[in-house]
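Taken in sequence, the protein lines are chains A and B.
Per my numbering, the first sequence starts with residue 22, numbered consecutively.
Per my numbering, the second sequence starts with residue 29, numbered consecutively.
Treat the hints as calculated values from the structure; they're not laboratory data.
To spell it out: a stretch of chain A is covered by chain B in this simulated footprint if at least three of its residues, at any positions, have a beta carbon under 8 Å from a beta carbon of chain B; those stretches are: (1) 77 to 90; (2) 102 to 111; (3) 135 to 144.
It should be emphasised that the depicted structure is a prediction, and the values quoted were computed from it without experimental measurement.
Beta carbons are placed, not taken as given, at the ideal position from N, Cα and C, and that holds for glycine.
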Amino acid sequence: MTDTNDQPPYIDLKGIRKGYRIGAEMVSIFSSLDLAIAGGEFVAIMGPSGSGKSTLLNMLAGIDGPDGGQLRIGGKRLDQMGESARSAWRAHNMGIVFQFYNLLPMLTAAENVELPLLLKPLSARERRIRTEKVLDLVGLAGREKQYPTLMSGGQQQRVGIARAIVSDPGLLLCDEPTGDLDRKSADEILAMLGFLNKEMGKTIVMVTHDPQAARHASRTLHLDKGEFVEERSAA
Amino acid sequence: MTFFRLAWRNAWRKPLRTLLLVVCVTVAFLIYGLTASFLAGSQGAAGGSDDILGVMSAAGRSTPMPQAMMARIASTPGVATVTYTTRLRGFVGVEKNVVSLTATDPAALLAINGRELGLTAELVGSLGAARDRVLVGRALADAQGWTVGQHVAITAFRMARQDGGRDWRFEIAGIFEGGNASTDTYFMIGRYDYINTARARDKDTVDAFILRPRDGVSTSELVARIDAAFANSASPTRTQSEKQFLEAFLRQYADVGLIIDLVVGASFTTLLLIVVNTMVFAIRERTFEIGLLKTLGVSRRRILSLVLGETLLIFLVGGILGLALARLGSGIAGPTLGLVLSLLVLAKALALILGLGLATGALPAANAMRTPVTAAFRTR
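Just chain B, same shape as in the assembly (with noise of 0.2 Å):
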């Protein structure tokens, strides 16, 4: 017999009164988990980058800009590589089946991006090989089934052909892994040549420059600089890192942060309500008992540990459960939802579980502790 021992007796005393405080539990932490790992994986914008920075138009991300701008940024004090991009955006089999590919000059993206799209150069080196090779990243090519040397095709939303038809076929060269967990690999690289040869429309445009600064400089005023450049030009430009844009991104459709929090706010809001409101009526119940341990000679303190550690026990239980359960999900449908359980999640969860055990526990304790041992022998 131990006090621990005690307290999980205490705890299982009416085991379906507990198990529905820890499915409770579970249920929050499972929520939370997989929330936080939405906001760490690829779908937040915590996987994007502060290093590297976009350059687009002011007027909007689909208002192409000449591919002529380059050679300007590029002579930006500051610059150390850039590229661009364009989006074709279509889809495959079905409407509702979206992918995308990003036409670049592959071994510009190599130099600026390719540690963490988890590019090499003999994937970048097997698009060489035919113009309309593409690189598939791992999550769209499992979620598609595609393998490497198979034929795909997409049929864009606007991007039409010079012969009129939307159908764009590509012969796969390679997978690229992603740098981390947390990069977003659902798209397709290919070569802007192609592209830009094939299209009907806005030939020699970009949708955006992708560059890294030298080392040592300030992010904020290369932004300033790059932008003032062009401020009087027929394309003005609006130019921020990898994770402002994303941040931007995400906020078009809602503030996804702001909804996360409030989700998780009010999940464990109401758990903290429910688990508090049954431990002070358990501890209640066992008011006598409390009195007995008195009398046995137990302290004031010993009593405030056993009921903490009690609802500690059904927080840890429930909440490593639910994290458990997180962990799972984020590892069937990370791939495609972007979802990470990083090790930084976890550890603020089991912070939050130990936070919560002991503020749930606080006021049903303190009554125990306080109960005189006179008053808690009437209770019977």
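Here chain A stands alone, though its shape is the one from the complex (with noise of 0.2 Å):
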């Protein structure tokens, strides 16, 4: 799979290779995946349950390795790095969204926003003002020394949707983010994360079952056993 512009992709998968051991067995789940993402792009990625989406996705991460191939973002090898390296990698250049919005509960919705800021070099007025300025854009200012356990489910999400950007990342990688969401709220969501590609640049990759979802994206991927197999561009 391959985006369309001539610029160099900003996500670039190339014949890679990865499987996992089950007992004595070895279970491949990519044997040659290529991928494409230029840079500002919102792709969605459907499939069916064990077509790799979220093998793909800890990979794109960061959080787990090829075995082989190559996986490059933002001209990095993340195949190359080790496991710090990855860590510093993700502080500085991604965010993530997660299905069931993963938040700490005995922090306030603005200390969860701030964490990821703990690992840059930041006073603590401009952590401060970073986080108020990201709840804020998200539509929860006021809502700063809420602890999640009080919040609805879109609230929540957007508490984790502003934890993934309070660092400015590149790039930006939701795995279901709106499957533990109402309709009304998931429009929400996704309404936002289009705002993040559009007006942000932000690149969003997107992990999910719903369809109505991966129509916001402006490229939808199919993974089915390991492989893409069908590709849908926005009108």
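Bring the two chains, given one by one in their own frames, into a single complex with the hints.
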């Protein structure tokens, strides 16, 4: 799968191999996966369970490595980085939005959002200003001190998005971001992702089962048995 | 928000569990503080001096020696000053209220041991007005509620008066404070000439000679010289430093140091097992969140620090609380039980707090650090 631009792809996977050992048996997920995503694209990845969506997302996030092939994001070879280097890379270049929000329950909304900023050389004041700014951006101004357990699913996901973008990463990975939300909240979250893509230039890769969610993306890739079988671009 | 705050919040996520852990650590360090205070205090041998030697009968502490031996001891090369003591043990009111009086030449005692006991020339001078006057140690005076000028009676266990009675009456001339907090002041100092004249038996004998060596003289050589001088006499001697004497005295009952080490060791081992077990489970419960932190870019080293910080916090809160209670306890019961929570004890306790905090956090922290993110995410 390749993008249509002449620019070098922002995300560039070539001949990716990945498998897992289950007991004595080696189960192959990808035998030779290619993928190219341009900077600023909003790509949805769909596919049935077990097709390799989560494995692909984990590799793009640098929390799992390929067994072979090249995995390049923003010109950096993630497949050649050690765990510490990938951690540092994640802290500065990528944000993740999870299906179940994954907020820390003992921290307030603002503290959850501020977490990634602790890894940056910023003063407490700078961290607070950036946190308030992104919470305002996702429509949660005034709810800084609220705990996640007292928020609705849609609000929690907004906090999750705010946490993902607070360090201003170029890449946003979304793992079923609307999977736990009602239609209305899901549409609000998808609109927000669209805004981040169009207005703020974020490259977004979203794994989803929801065709309506996928329609918000500029390109949809269908993954099945470790291969892309279909590609559809938005009209 | 800081990583310290994050560790603090994590530590108090389950308040009851954390509270119980803190109580556990508090009790352990209370035990440590009190036992270490005991060893550092006058009830232990640490309060004894290596510079003051005691000469006793080789036949045993209760075997009297002729007072005349003092001239020969005083003339032994290396001896600066020497005096003699006889101990009168008895009780006040009820038999369990045991007190003791050291009968001596107070002026000579001032020269030998005055600084350590907190004796002054004025205090010693106040004994001169009457032979039945005594100086009372601060701990004893406080425990009995005695004041200067008061007349007290001691019923001796063994030492009878010439009239057949065993009641000895004294007038309190002053109170000595002790040179420092670890000095044993639970006794009285009286005049030997009064006791010696009034007692029915063992006249002109003493229980021990106390001496201070000249500067630069090896105490071990002096000990050997004195004991050798009396080896073939009617009263062979056994000379020891005050510290050795106290150690030997305590060992009559048991090896107190060893018992204390065992008690503290057992309590710390139990504590370590409880905290490690609890922390391993507490961290295992949060495996998913640790994976999440790693996904956000938190490094393995920082994860390690977070978990270690959490156990350290529990140990610091509990340990400091335990030491504060031990300080309170030694402040209240110190004078009677000889407890001294010195700076050295506190420094050792602080080192233990840090060491145990890191040791107990090491296993859960290493587990958290090693867990791959993908494995962590599978735990939800």
